[in-house]
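2 protein chains.
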Amino acid sequence: MDEFALIDRFFKGQGVSRKDVLLGIGDDAAVVRPADGRDLVITTDVLVNGVHFPESTEPAAVGHKALAVNLSDIAAMGATPAWATMGLTLAETNEQWLEAFCTGFFALAEAFDVQLVGGDVTRGPLTIGVQLIGIVGEAGCLTRSGAREGDEIYVSGTLGDAGLGLQVDSGMLTVAERDEAVFLDRLNRPLPRVELGRALAGHATAAIDVSDGLVADLGHLCESSGVGAEVDVARVPISDSCRRYLAKVGWEPVLGFGDDYELCFTAAPDQASHIEGLSHELGLGIVRIGRIETGTIRWVHGDQPFSPHAQGYRHFR
Amino acid sequence: MDEFALIDRFFKGQGVSRKDVLLGIGDDAAVVRPADGRDLVITTDVLVNGVHFPESTEPAAVGHKALAVNLSDIAAMGATPAWATMGLTLAETNEQWLEAFCTGFFALAEAFDVQLVGGDVTRGPLTIGVQLIGIVGEAGCLTRSGAREGDEIYVSGTLGDAGLGLQVDSGMLTVAERDEAVFLDRLNRPLPRVELGRALAGHATAAIDVSDGLVADLGHLCESSGVGAEVDVARVPISDSCRRYLAKVGWEPVLGFGDDYELCFTAAPDQASHIEGLSHELGLGIVRIGRIETGTIRWVHGDQPFSPHAQGYRHFR
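Residue numbers (the numbering used here), protein chains in the order written: chain A, 0 to 316; chain B, 0 to 316.
Bear in mind the hints are in silico, worked out from the structure with no lab data behind them.
Incorrect hints may have been included.
Treat identical chains as interchangeable: a pair holds within one or across any two.
To be verified - Within a straight-line C-alpha distance of at most 20 Å, the following computed DMTMM-like cross-link-like pairs (lysine to aspartate or glutamate) qualify:
#1 18 to 109
#2 247 to 168
#3 11 to 222
#4 18 to 112
#5 11 to 94
Quick caveat: nothing in here was measured; it's all calculated off a predicted structure.
Generate the whole structure from the sequences, applying the supplied hints.
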């Protein structure tokens with residue numbers, strides 16, 4: 000099967016057909032028709048075999064994650080995802096692998112009404128680059144740079160499960176079976192917080208998705224906004240499964256690992272009840288972990304100073 | 000240098016700043032503001048080290064080519080390139096390599112008023128994925144599917160130089176020094192036919208960029224349009240340098256190799272004088288090589304039947 004047959008079989012005509020896509024896969028480029036007066040957000044993320052996911056990861060999870068990490072960026076902008084392209088580099092044409100990979104990718108794409116409009120399939124070390132374009136709503140988009148002194152800092156869901164999943168997957172940590180399922184599911188099938196991000200537009204002052212670890216990502220947000228913060232690590236939301244291993248593994252998987260793809264955002268104090276309402280509406284925990292201040296970021300644990308050693312994942316040091 | 004420092008040093012704030020980019024590199028996604036009523040075209044192409052370019056290729060040429068192949072797709076759609084993102088996977092942070100790579104990339108981006116608005120830098124085998132979004136003009140865009148019986152078939156520039164460049168580069172072919180310069184320049188620094196593509200919108204009936212070889216790409220165009228053709232290989236435009244080696248190497252580098260990134264397009268016979276005018280205006284040869292017919296594609300050489308063995312580059316067979 001050459002790449003043209005491969006594209007025809009696995010990608011062309013798969014998934015949703017959006018009305019604003021005039022021409023999808025199969026020409027030199029796709030053609031889309033944006034609604035008048037709407038800004039667009041554009042992001043891209045690359046997953047490399049053995050770097051972003053272990054070689055043993057099931058292909059459906061790889062397909063899911065390749066889109067999920069991009070959806071998470073669109074979520075952090077408070078926009079609605081729409082059109083994706085994919086650069087897929089494959090060492091070989093393993094049809095079974097491709098079938099499962101596409102199942103994972105297109106199931107998530109369908110859930111968020113994203114159409115894959117184009118791509119490129121080439122030969123080489125397994126690498127998946129996805130580019131995603133989203134549409135900004137009437138309330139405008141969220142950025143990292145709008146946090147102001149006195150804003151509250153929130154985190155959605157729980158942090159740390161994906162980090163423990165990686166430790167379990169790599170054999171560094173042994174856990175009970177039910178906890179293993181929780182951790183590996185979070186690692187392999189992160190659920191991007193698209194609805195939350197969209198609902199926060201017009202209400203939050205700044206947002207970022209936690210993809211490099213809370214310490215690093217809150218650092219990015221504060222740096223972009225030119226502010227500091229006081230953050231209480233005891234308030235950082237973690238799952239019951241994660242709590243069982245906290246004494247053993249420490250805070251590193253919670254604060255220094257980002258693959259949970261939750262949102263960290265800031266909002267003025269008068270938004271507190273709105274955010275509480277959102278949490279109920281979406282069935283998603285949203286916890287206040289601190290407050291924006293001037294100066295630097297100070298971490299505490301209750302009323303004690305705390306030093307987070309985690310610095311987030313770096314590809315190059 | 001970690002990837003954040005790398006992005007700051009080599010990518011952030013580099014190149015042109017377009018007015019329609021509200022937020023560039025440095026947030027979770029870029030924000031752009033499309034003009035009302037304009038469709039967009041979206042494309043992506045990936046270059047893999049050792050597959051799309053020899054390991055020895057100078058980094059500035061790699062940077063140039065990574066954008067050029069995408070510009071060529073936008074050209075084939077008759078659109079104007081605008082916003083790019085890059086997924087850059089690097090085995091190591093070689094600052095000298097990155098500096099030269101960026102020089103090549105941004106020089107071409109500036110020439111076509113393209114702004115790099117975002118990207119992702121990761122660790123892994125050297126792979127460069129670029130995604131490019133273009134803006135469709137008032138005359139609409141070109142596709143592969145509009146060719147009709149009786150249309151003339153044209154090719155811009157010359158074909159074969161890049162194919163000979165690859166043979167020279169890989170040591171398969173030895174040529175005179177001045178010819179070597181011509182061939183390697185075409186291989187490493189293809190000039191996408193953006194102005195031509197844009198000028199053809201509203202005049203051509205179908206277009207494709209020759210990236211897989213003329214035989215393959217004209218095949219794609221005819222298949223998409225549901226037509227056949229008669230093509231005279233003796234009319235296919237080749238450079239004087241290429242002509243000197245034609246007897247030795249045969250038609251394969253001319254017909255079966257695509258890296259010249261010329262445009263192949265079709266137009267009704269009444270467009271002939273307009274196209275001739277375009278050729279003069281752009282200082283770019285445009286040659287009629289055949290005519291669209293019903294049925295299949297028949298190749299001739301003057302009045303003799305001709306069988307092109309070249310089938311175009313396939314990543315997987």
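Hints, verified against the model:
Taking the closest pair of Cα atoms, residue 18 and residue 109 come within 20 Å of each other only inside a single copy of the chain (14 Å); across copies the shortest separation is 34 Å, beyond that limit. In this assembly of identical chains, residue 247 and residue 168 lie within 20 Å of each other by CA distance solely inside one copy; the values are 17 Å within and 57 Å between copies. Taking identical chains as interchangeable, the C-alpha atoms of residue 11 and residue 222 lie at most 20 Å apart only when they sit on different chains, with a minimum of 15 Å there against 42 Å within one chain. For a Cα distance limit of 20 Å, the shortest separation of residue 18 from residue 112 inside one copy, 11 Å, qualifies, whereas the shortest one across copies, 30 Å, does not.
Taking the shortest alpha-carbon separations for residue 11 and residue 94, only the intra-copy value of 15 Å comes in at or below 20 Å, while the best inter-copy value is 39 Å.
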